[in-house]
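Listed in order, the protein sequences are those of chains S and W. Under this note's numbering, think of the first position of the first sequence as 1, with each following residue one higher. Under this note's numbering, think of the first position of the second sequence as 1001, with each following residue one higher.
Take every hint as true, because none was put in to throw you off.
Ranges of calculated distance between the beta carbons of each label pair, as one might list FRET restraints:
no.	chain 1	residue 1	chain 2	residue 2	range
1	W	Ala1122	S	Arg73	39 to 45 Å
2	W	Gly1098	S	Gly269	39 to 45 Å
3	S	Arg317	W	Lys1023	52 to 58 Å
Read the hints as simulated data drawn from the structure, not as lab findings. Nothing here was measured: the structure is a model prediction, and the numbers come from that model. Built from N, CA and C at the ideal position, the CB exists for glycine as well.
Here is how the chains run, residue by residue.
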Amino acid sequence: MRMSTVRSPRAAPRQTTTGFDPLAWRRDFPLLQQTVHGKPLVYLDNAATAQKPQSVIDAVARYYRETNANVHRGVHALSERATAQYEAARDKVRGFIHAASVREIVFTRGTTESLNLVAQSYGRSHLRAGDEIIVSHMEHHSNIVPWQLLAEQLRLDIKVIPITDEGVLVPGAYEHLFSPRTRLVALAHVSNALGTVNPVRDMTVLAHKHHALVVLDGAQAVPHLPVDVQELDCDFYAFSAHKMFGPTGIGVLYGKQALLEEMPPWQGGGDMIRTVRFSGSTWNELPHKFEAGTPHIAGAIGLGAAVDYLQNVGMDRIARHDQDLLDYGSERLRRVHGLRLVGTAPTKVGVLSFVMDGIHPHDIGTIVDQEGVAIRTGHHCAMPVMERFGIPATARASLAFYNTREDIDALVAALAKVREVFR
Amino acid sequence: MDLRELYQDVIVDHNRSPRNFRKMADATRTQEGFNPLCGDKLMLYLKLDGDRISDVSFEGSGCAISVASASLMSQNVKGKTLAEAEQLFGRMRALLTGDGQDLDLEALGNLAALSGVSEYPARVKCASLCWHALNAALRPPAQARPAEVSTE
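Kindly generate the complete structure, drawing on both the sequences and the hints.
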């Protein structure tokens, strides 16, 4: 197929209809200023990891340059300063997701560790053989495998909410999965492979009606949407810093205080104890009970800086820009000959998964990379989603607030090159 | 790096019309290959006539590089002895991993079309999958062989 089959773009104003100027914010991201293969970098792999603003980079560097000391231990000035900054970051995160208390904010290595913590601490102490867990067909592996491990350990059953061809949960299917043995529902707030936003508020109400707890994987929600855990009323909410413009290696588990209180520690070590005797040890108060060992202090401080940055941009404005760009991108990609979007839910965030007739996603990824366009190709750690759609992989362009309509245009132009190679 | 060095005409052609792409009902040896990162899957069939590979075919799905590599492989190992096929595996591994400076590209014939792959580290596994499957299939079934070779 020739380039001419790709219709010319509609007028793409520099500023979007929301009046939001992504390029002004993009200046804060030094990495985005580079060229790749001699072309200006167009970074559309934000769902894998997002880039970091200078303020986050500075916060991490400043911590190591001026403050580095262990937390909750020393009486010297540096240790007190490090502790204050680490705990201030926790309070910023609390505010960001509207949790009631800093006791409900546990720092982890990321979403994956947060979900494993719930499975192994809450799950092992509260579930019994024959109990049931509900997950959806669109979960990331990190919200499937921890439950499979637990199911194997305790002989539990896992039930799966099916999804439609549009990539939404089959209406009505969820409520039929409940039984008196349903104890837990583990759901993606937003699907990483499809972009679908699940109606987690209503689903939580239903789960609570059946006396089941709700664990939400918020990894793909926090960079795109304002999140209020009290309004959602979920019992646990897990997310990673690196997808919301913070450092890698740090993430968060939010849990309702009453639940965290009654859960046993998951990992043992320093910082999580109150007293240690060979006759038995006692645990530290929340949230430290779940933070064994020296934490990723710089990471937490970097996450705090990312929260500050996002709140300065404004999550509502980010969400509006995301929708504007998603609409534009969906329309432009739909017009590319032989391209099919995978994940066309009416309620989505800026994730554009697609396949092209007769061209494998990996070939697409390599060729658009030569044009400076970075996208993800593969199964996106969601093999059941790929299986559901009968495809081995997709190409995925995922958006952030620093992306523009021109970035979408660059992707579409690069896809024309893909056709050229295979014509 | 020019994309055309990766996607040479031979590669595009073999991807579009893979040679020996069929199931072989009377195969002497079969070997599965799987690249978990990409989801590339391959089933390789060999028919042996004594020490000689009298027929080769494959089935599966994958990217252009992986399909073309398997197609080219099937053409090139047909008629070879097991020892010759093993030697070719060694040469192709060197070529694909960028360790093939001493290789005689002309002697490789149309397999030389895969010489651009080593410049794309993320794609080396795509091109290598079928060759690892071949290497496993060269060993007699009596010897311990993996049920499935993996590029991981």
